[in-house]
Structures are given as structure tokens and as C-alpha cells.
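Note that the protein sequences, when read in sequence, are chains A and B. Be aware that the first sequence starts at 1, since it is given in my numbering, and climbs by one per residue. Be aware that the second sequence starts at 1, since it is given in my numbering, and climbs by one per residue.
Hints should not be assumed to be uniformly reliable.
Not close to chain A: a few residues of chain B, all C-beta gaps over 10 Å, as computed [to be verified]:
{"no.": "1", "residue": "Ser142"}
{"no.": "2", "residue": "Leu151"}
{"no.": "3", "residue": "Glu154"}
{"no.": "4", "residue": "Lys178"}
{"no.": "5", "residue": "Ala256"}
{"no.": "6", "residue": "Arg290"}
{"no.": "7", "residue": "Arg412"}
{"no.": "8", "residue": "Leu439"}
{"no.": "9", "residue": "Pro453"}
{"no.": "10", "residue": "Arg458"}
{"no.": "11", "residue": "Arg466"}
The calculated lysine-lysine pairs, modelled on DSBU-like cross-linking and capped at a C-alpha distance of 30 Å, are [to be verified]:
{"no.": "12", "chain 1": "A", "residue 1": "Lys112", "chain 2": "B", "residue 2": "Lys459"}
{"no.": "13", "chain 1": "A", "residue 1": "Lys112", "chain 2": "B", "residue 2": "Lys201"}
{"no.": "14", "chain 1": "A", "residue 1": "Lys102", "chain 2": "B", "residue 2": "Lys178"}
{"no.": "15", "chain 1": "B", "residue 1": "Lys178", "chain 2": "B", "residue 2": "Lys201"}
{"no.": "16", "chain 1": "A", "residue 1": "Lys98", "chain 2": "B", "residue 2": "Lys201"}
{"no.": "17", "chain 1": "B", "residue 1": "Lys178", "chain 2": "A", "residue 2": "Lys112"}
{"no.": "18", "chain 1": "A", "residue 1": "Lys72", "chain 2": "B", "residue 2": "Lys201"}
{"no.": "19", "chain 1": "B", "residue 1": "Lys388", "chain 2": "B", "residue 2": "Lys400"}
Because the hints were derived from the structure by calculation, they are not lab data. Backbone N, C-alpha and C define an ideal beta-carbon position, used for all residues, glycine too.
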Amino acid sequence: MSKARDNILSRLRTARPDLPGGELEKTASPPSSTPNQRIEQFRSHLEAVRAEVYLSGRDEWVAELQRLAQEKRIGSLLYAPDGPLGSAISKGWDEQTKPHLKWFEQEIDNWKEPIFFDTEAALTSARAGIAATGTLVLWPTVEEPRSWSLVPPIHIAVLDTSHLHDTFESLMEAEAWHQGMPTNALLVSGPSKTADIEQTLSYGIHGPVQLIVLLLQ
Amino acid sequence: MTRSLPENRGRSDVRFHTGVREALNDPQIRANFRSAMDGLIHKRRNAFPDPAALERLRLRSERIRANALSRLPELLEQLEQRCTANGIRVHWAETVEQANEIVLGIMRQHDARMLIKGKSMVSEEMGLNTFLEQQGIECLESDLGEFIIQLVGEAPSHIIAPAIHKNRQQVARIFRDKFPDIPYTEDIEQLTRNAREILRKRFYQAPVGLSGVNFAVAETGTLCLVENEGNGRMCTTVPPVHIAVTGIEKVVERLADVPPLLDILVRSATGQPISTYFNMISSPRRPGERDGPKEVHLVLLDNGRSRIYEDPELIATLRCIRCGACMNHCPVYTRVGGHPYLATIPGPIGSVLEPQKAGLDRLGVLPTFSTLCGACGEVCPVRIPLPKLLNRLRYEGVRKGSGALPGAGSRRGRNESLLWGLWRWLHTSPRLYRAAGRLATRLRHLLPNRLGPWTRVRKPPRIAARSLHQLAHDQEFDHE
Ligand code: SF4
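Excised from the complex, chain B in its bound form:
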């Protein structure tokens, strides 16, 4: 499920470029993403008919998330205290290794050989499936999209619609190969029913269920889950044990913060007025109650988030509510899909978040997966200035010396920095600038035909015989 990250810089960008080229040359991928993203953009637009009301809701949602971050340590303590009082066991993990060990420990305590999972991007971040399978524990994805791609050992290509890179014929063929007893169908409704039948038995048997968390409410110790399929409810209701995994940034202060966030999350993500289910879990089965898990565990994962927290600008990354709107609107993501990002979360937010976690030396190329068109920042429901953060990370990658960010400065190349040094020198002295301009027009024929990647698919630029200054001078313009 999880792919290994490229080790470090040097030629490692090549892996990304290869992935991008493969995706661009695959007409199926381009068609699947184009039509899916167009659909999502359209649905979102219809879900917010009043632009002024949308802006008010975005402002409010931003404040709610920013407020929660400004009090993060206190709120985490309050969350822990409320959850514990409610009977939920709270675990803390600084790294994904620790988080995986915590889950494994719970599985072992119950002698459980199988885990049924609702959709959880944090479990993807942890590489939980691979880890548990190495320990002989089966992990079964139950979200339809995750289920489909798990059958063929692929990673999600979108955070909300993980199998968006497959069309119905591809899904039908996967089902035929994996479940030869079920009659072949390309009908989407029938494929859905088939998955329902296969997974029911598994929900029935599963000893432990795992889920993510959309919002964790400090005030009441409540874990909130947004979903349409009902698999999240199944995973958190039927098995005797429920494990929820979440990043430490998902906490909100008050229960009253939840309705506006839920509203803007669902409308931004899929354009629905609300998701089919909103599941609020505040405790395990209480005495006298007749179903629900007897144990609920909450795993709070840091994995680099507290480091992102240190930077007054980059901290905005942690406001994200994972709606996916930034990727739906991204011209780069729409053309290549999620896989070439080689990271858990793709798209603009992935390009901002993942290099901060893994280091710019490993994922520093991701901030260049952007045209800086600004669409992501405009649609983000919590107003994360994504283009600004992408720019900042580009700078951190090539900066002189090292900053607080892991891998800062690692993308600085000698030739490139020399060239920019020269550029700055020329542009800060009018005399030098004029001399260089004259020289460039005179020697324009010496410009080589190949200029790195630029000329792979384009003609090289040609320097004009006369500069704009000279032309203006000839026309007798007053000032330069």
C-alpha cells in the first residue's frame, strides 16, 4: 500500500518525472481524472450558490481551526481527559513506528488476526496495512474505493475518491479476476451490491475495527466521522473493539464548532448538502447498552506535525480538514492524478504537507508540481494560502544555509545559484544592465538551440535584434 519514499535528492527527481510522464501518456488516466474533477468542481460550485455566504463560512471555519491550533496543547490535554472520563483509552505516538506498535499491541491483547478498516488517511501515512501484514494480521479496507485498489495492491490516488483512476470496465475486470464465482458485470449499481455482499460477512466476523477521525471535540471527548457508505459506522459499531487513529491537529475546541466545519467540509468535498452519515462517538458501550464496541482506543499521532507547528507561516498547513477541493481544482493534479506525487496525500495540500514531514531532500520537488495559478487557495474552505506556502517551500528548498525545515537548502544547485547571483548583480546596476543588454543583442546568434528541459518540447527563445529600450529611444519616448 505505501510506497517507499525516494531516498534523497541528487537524481531522485527523475523518479517523479518518470511517474509524471507515464501518467501524461496514459489517456485512460487523463480521461478518468478530467471527467471526475470536472464533475466535482461543478458540484461544489452548485453547492455554494451565494458567494458572500461562502466567504463568511470560510472565514468562520478558518477562525475555528486557527483558534484550535492556537490552543493545541491545552485542547489535546482536555480531549485526553474527557475521552478518558468517557472510557476511551488514549494513546500518544510521536512517530508512525510508535503508532503502528500501539495498534499491534491492541491486536495482540485480543488475539486478533484481522482488522477491518474504514477510510483513514492517517493509517495510510502509518503504512499500517503493510506493517500488520508482516506480523501476520490481515487488514481489510472496507470503503468501496479503498477495497477496489487494495485488491490490486495500489495506493489511493485521491483522498476522498481513492479509486478515481479506475473506470467501470477496469473495476469490473478486477472483480472478475478476484471473485470468479460472481457473474461479470460492468453495471455500477450491481458492482456496488457485489461488494456489499462480500464485505458484510467480513464486518460480521471482524474482531477489531479501525477508523480515522474528522474532528475530535475537546469539550466533550467526542470523535466525529463523516461518510456516505456506512462502512465507517460498521467498523465503529459491530466489532467488539474500535481503534481510531488521528493526527494531533484534528482537535476542535467546542461541540458548537462542529456544525459549520461539517457543513463546509461536505459541500467543498462533494457538493452534497450533507454526508449520508455523521457519526459522533463519545464512549465505548456503556453498562446496559446492547451493542457497540466494548473498547474504544484513540491513537494521537504527531509524526512531524509539532515541527510544522513551530513556523508561524507554515502552521496554516495544519488547518486542513481534508476536503480534497484543492486537488479537484488543481490543473497539475487533474492531468497526472495522485500517484506521481509518491506521497500519501497528493495535490496542492500534499505538496505543502508531505515535504514538511518527509524533508525537502526527499520530497522537495513536490512544491514545483504547481502552476501557482491560485485555484487551490481560492477554494480552500479554511483559507490556507496554499500558493504562498508552495512558494515558501520552493524557497526553503534552495535557500542558502539550512533553516528549521528538514532538508532545507538541499535543492540548491551551484550553477543555478551562480546564475541567479549574476542576474541579481546585473539587475542592480543600470550601467551593467545596459552593457549586458547590448552584448546580448549582439551575440544573440550564439544562443544554443538546446536549453535543458525547456527545449525538449518547445522552441528556444530568440533574443530580438533591438531591445525595447532601443526601440523606445528610436521612437523618441521621453523616458526610459
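Isolated chain A, as found in the complex:
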């Protein structure tokens, strides 16, 4: 198929029209906001698409998470013992009550069936948040694989408010994403949804039906 490659490239090279290139100016960035404004913006955008957002203290969130999960009658919760939330969970979790904690070892072949058909909820950390659009930024890791935030019906994400940025653009710049991208980077802005029937919004199609965000401050 390298013949196809050479043909296409040589056609493009000979045909190249004279196009004005020119510098790309940036759109004026919005005036920078206070942390509280960012939290409010983040929360209101997410709530507008039926996600649930809870503010919690950095020391109390584990107990609050467990209370919340009980309220929602979640029987068991998938989490990553070695992930960034692992040690806080194992320290603060009350093993006597629900939900029971569970985790998966090794590769997906070993847990494809349980994650599809026998996992109610999964907990992951979020790398950052974007206030302007109410967006969670995930860079899945070895500890927190990418299907965990996708396959179970409930996804619970924990985000520290100190990682809230104004826009996708400012986040990308601040973290110099262009210097190295992970296997998969994700922006998640609500539970999965569709408007394919009569343009009517309906939640819970292929991804999570519920998205719950714990904001730590």
C-alpha cells in the first residue's frame, strides 16, 4: 500500500495551491476567575446534564462517599487499591457496611465479564477539571484502566478543586500536553446521553447512566 501513499503525497505536492498561511492568533482568553467561581461554573454545567456534584472536605470525603453510596443502594464498588485514592479508601472505609469494595487484577481478559455484567459502580480519580464546560479530565492509568470509567452503570469520580482550570485550552497549555500524550486522554462532561430519537435528550445509553463527582476542598 506504500504505492498509494506515494501517489497521494505526490499528488498533494504537485497540486498544492497557493494558500495564505499566516499566524494563528489566539482568541482572547476569558478573564481569570477565582477558585469559587470555577467551582460554581463547573458544578452548574455538570448539574445541567444530570450529573451529581458534591463538595467535600479533603479529610471527610471517604466517609461521605460511603454514605452517599449507601443512599444510592450501591452494593459493591470497584476501586483501585494502588491508585491515587487507594490508601485513603482503605484507611477510611467501614468494611462492616455496604458497599463492599472490589478490585480487578491483571488484564481485562480476566475481568471482562464481571465488569460488563456484574459491576454496579466504579470509582476513579480525575486528573483535572474544566470549569467553562463542566468537564472531568481523565488520563487512565495502569491502576485505573480506561474501561472503569466507561462500562459500569455508575461512575464516581473524585477531583481536587485545586486542579480546576478555566478552559481546555488553558489546561493543555499549563500542563504542556503536546510534550507527551498518554495512551488515552478523556474529557467527560456528564453521564452518557443521546438525542437520536426525535432530538429528545435521554440519558444512559452506552456509557455510564449516572455520573457522580466528589469535589474535594
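Please arrange chain B with the ligand on chain A, whose structure you already have, making use of the hints.
What follows is chain B with the ligand alone, placed relative to chain A:
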């Protein structure tokens, strides 16, 4: 899924006219599209409250796309090199046949009998489903709208909302016919849940997933996908093999080009501040990682794009980011829907793009599916001058001799060109013009009652007894 294109001109416009008439006479189609397009127009308007900010963002997005096109060959090479370094296998296809063969080859390598698909207009362009099914491979659409129409063997009627021509009762009946075990419902949320249950099992089993690409970033070798449903993430995360298919024009230079394009794409398409998911894929599963496809393939398809690239005016066609806003705002599209265009992409951008690919001899009628009202050009997020391009293609269709475009000049009719020749002759000589005017008013009663298609639904025009010149003369106006 894919319909055969009309073979060539002559009477082939008839097929289009038949489709248009059928659509216009179907009150369901007109109602479904009217309400859906009104909704989308309204949502888009609310998503851009500040017109000046919108103009700045459009200008910037246009520049980003134009810049990428101006360096297309270099950026494609860079994309290939970065993707390859990341472990993504890059394939090139000049034609849809080659692209289909590449996908088939990958399927065969893995002994795969089934392919689960996220939304991809390029795969529609390839006719991939039909092709693979002929080889005994099942293709399953997983986007809800695509899933619905696949059940009844129809083609998408909108690039963002493929099943927009169906209402909930029609969808409910399709589900009842195809899945008799599931209790009948017309509730949209319940229909959605039913589709979720049906498709979960398939995501779980599928050996290969296929997706399109919204932006391919040359700088980092990253494939970006915009979606709301999560089926795109499923197709690119769960099966052990992921194949992405894309047109060669989708490349952008830098990662920093992505946020503004994503922003204007989603707001123009659906009026949301952002899509539920934005999925950026830069490599297959790396050593130690526990899920994600072990192989990622990228198929770069030309299929006529490099020819469009040659024309300094028509190259603007390739800036398109497939938001669908031009069709949402098109008075013609809104009345007939996507099917009468008999092409993969309908609406104004389809009328510009498809004849350039298939030839004006086959799809040259499409540029006339327009009132030239200008709405499409006004809303286009990358400022493609669609009305101008539609006009250009009308000209290319009837031009004298043949140009660089396939099928140029094929729509030129002898009578029509004679008539216009006469018109030009009369209008370039004042004396002839006056004589012809006098003759026309005198012989006005000889004008026939039937004037082709015009009088099918209208009265014929009547020539006045006295021309404007004569009236002005009677009123003693100074100059003519
Ligand atoms: S031509 Fe412009 S408005 Fe139409 S789909 Fe493409 S980007 Fe959107």
C-alpha cells in the same frame, strides 16, 4: 446501506426529482425534519450569545483548518511518523476499494467475523458494511441512530442525527418487529435503555471495533473523537483491535489547534457547551496497561480529496469539520431531508462535496438543491463560502469544454446554451434590445401557456403591453 449512484446524466435527474417529490408529499418526513431542524437552529443560536465572539472563533477555526491544508502533505507525513512511533499502524488508500480491502485484511488476520462500529461517515462513503457483509462479516452499527436505521436497512439522513427522519412511534414499531421479546414502548428513555442492553452484549463479544476520526493531530499522533453516547469509547476501548478510518483532510497541525475546533464544532452541531465525551487516542495498549486495544490501525482515505485539493477555490470544501449546521439551516434540506440527495453526505456541504468526488455527470444536479439564500455560508464554523461554491459547481456543470473537474460540462444542453447565447447577444446591443422589446410586447399573446417545469405549479408570466421604458418615456423621465 449505500445506495448506488445514478449512472450518468441524460434523464438521470429524474431519479432525484422523484425522490424530492416523494419526500415533499410525505407529511411525516416534513414534520420530523421541520421540528428537528428548528430545535437545532434554536440550540445553536443560544450557544453563541455573543456574535462578535462567534466571529472571532470562526475566523480562528478557518485559519486553523486552512493552515493545516496548506501544509497537508507534510502534516500527513508527520502524522504517519508520530502514529507509527506510538505504535499505531498507518495505512493509505487512494480509493474506497483499497480502503475496504485494508479493513478486510485486518479482519482476516484476526479471523474476525464481526465488526462493531462507532459513527463514521467515511465508512458510509466506503460502503464498508455492504462490502464486509458480502465477505461474510457482520457489521453492527452501535450509535443509537445508526443502529435504528440499520435495523430497517436505511441510510442516514443527517450526518449528526442519522435517524432524524423517524419519530418515536416509528422507532417503537421497528423495535417491536426486530426484538419481539422486549415489551413494546414508545417511551424514548425506555427505548434508549433497551438499545443499551442489546448492544452491551455485542460490545462485550466484538473482536474488532471501528471508528471515524474528528481530528488527527500531526504533532502528537493523536486521534480525536467527539461523541455523546459512549459507543465510540466502547468501540475504541473494549475490542482487542481498533480500526480508525478517516479522510486525509482531517489532520491538524498542533494539539493546541484542537480546543477551539472542538468548541466550535460541538456548539455549531448541537448547541451543547461540549460533548459528553472527547476521546483522544495516541497509541494501542502499552506494556503494563491492563485494557484498551492491543492493535490500533489508522486508514487514511483519499478518494478524490487530492483532486479537490488542486483547485484554489474548491479546496475550501476540505476545511469542513462535519458539524451539520449548514444542513440544519438549509431551507431545501429541511423540506426534503437527507435521502433525496442520493449521496453519503446531504445538505449544502454534500451538494458541494459529493459532485466533486463522484463527478458532475452523476451528481451535478445537487448544486441546484439550493435557493442560494446564503444561510449555510453564514453559519459554517470554518467559513466555507458554500453558496459561492454551489454557484461555481453549477457553472462547471454547464461550462463549455471540460475543466479539471470530473464530468465538467456534462450538464450543458444545446437548447439552453443557444437560448443564453441569444440572450447575451440581445443584451449587448442597445438597438437589438429595443427591437426585441418592441417585438415581445407586440407578440405577447403568443407566449405559450406551458413553460416547462415552471408552469407545473405556477401560472405563466405575462408580458406587459407596454415596457417600463415606454412608460418612463410617457412620464417624460429624462433618461432611460
Ligand atoms: S460545511 Fe461548514 S457548516 Fe457544513 S458541515 Fe461542514 S463545517 Fe459544518
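Each hint, compared with the structure:
1. Ser142: 7 Å, violated
2. Leu151: At about 13 Å from chain A, Leu151/B clears the 10 Å cut-off, so the statement holds.
3. Glu154: Given that every Cβ of chain A is farther than 10 Å from that of Glu154/B, nearest at about 14 Å, it holds.
4. Lys178: 15 Å, holds
5. Ala256: Since the minimum Cβ distance to chain A is about 7 Å, Ala256/B lies within 10 Å and the statement is violated.
6. Arg290: About 5 Å separates Arg290/B from the closest Cβ of chain A, which leaves it inside 10 Å; violated.
7. Arg412: For Arg412/B, whose nearest Cβ neighbour in chain A is about 26 Å away, the distance exceeds 10 Å, so it holds.
8. Leu439: 48 Å, holds
9. Pro453: 34 Å, holds
10. Arg458: For Arg458/B, whose nearest Cβ neighbour in chain A is about 34 Å away, the distance exceeds 10 Å, so it holds.
11. Arg466: 52 Å, holds
12. Lys112/A - Lys459/B: Since the Cα atoms of Lys112/A and Lys459/B sit roughly 69 Å apart, the hinted pair is violated (cutoff 30 Å).
13. Lys112/A - Lys201/B: At roughly 11 Å apart (the allowed maximum being 30 Å), Lys201/B and Lys112/A satisfy the hint.
14. Lys102/A - Lys178/B: 38 Å, violated
15. Lys178/B - Lys201/B: 16 Å, holds
16. Lys98/A - Lys201/B: 28 Å, holds
17. Lys178/B - Lys112/A: 28 Å, holds
18. Lys72/A - Lys201/B: Distance of about 25 Å is within 30 Å: holds.
19. Lys388/B - Lys400/B: 19 Å, holds
Taken one by one, the earlier hints fail for this structure at numbers 1, 5, 6, 12, 14, listed in ascending order.
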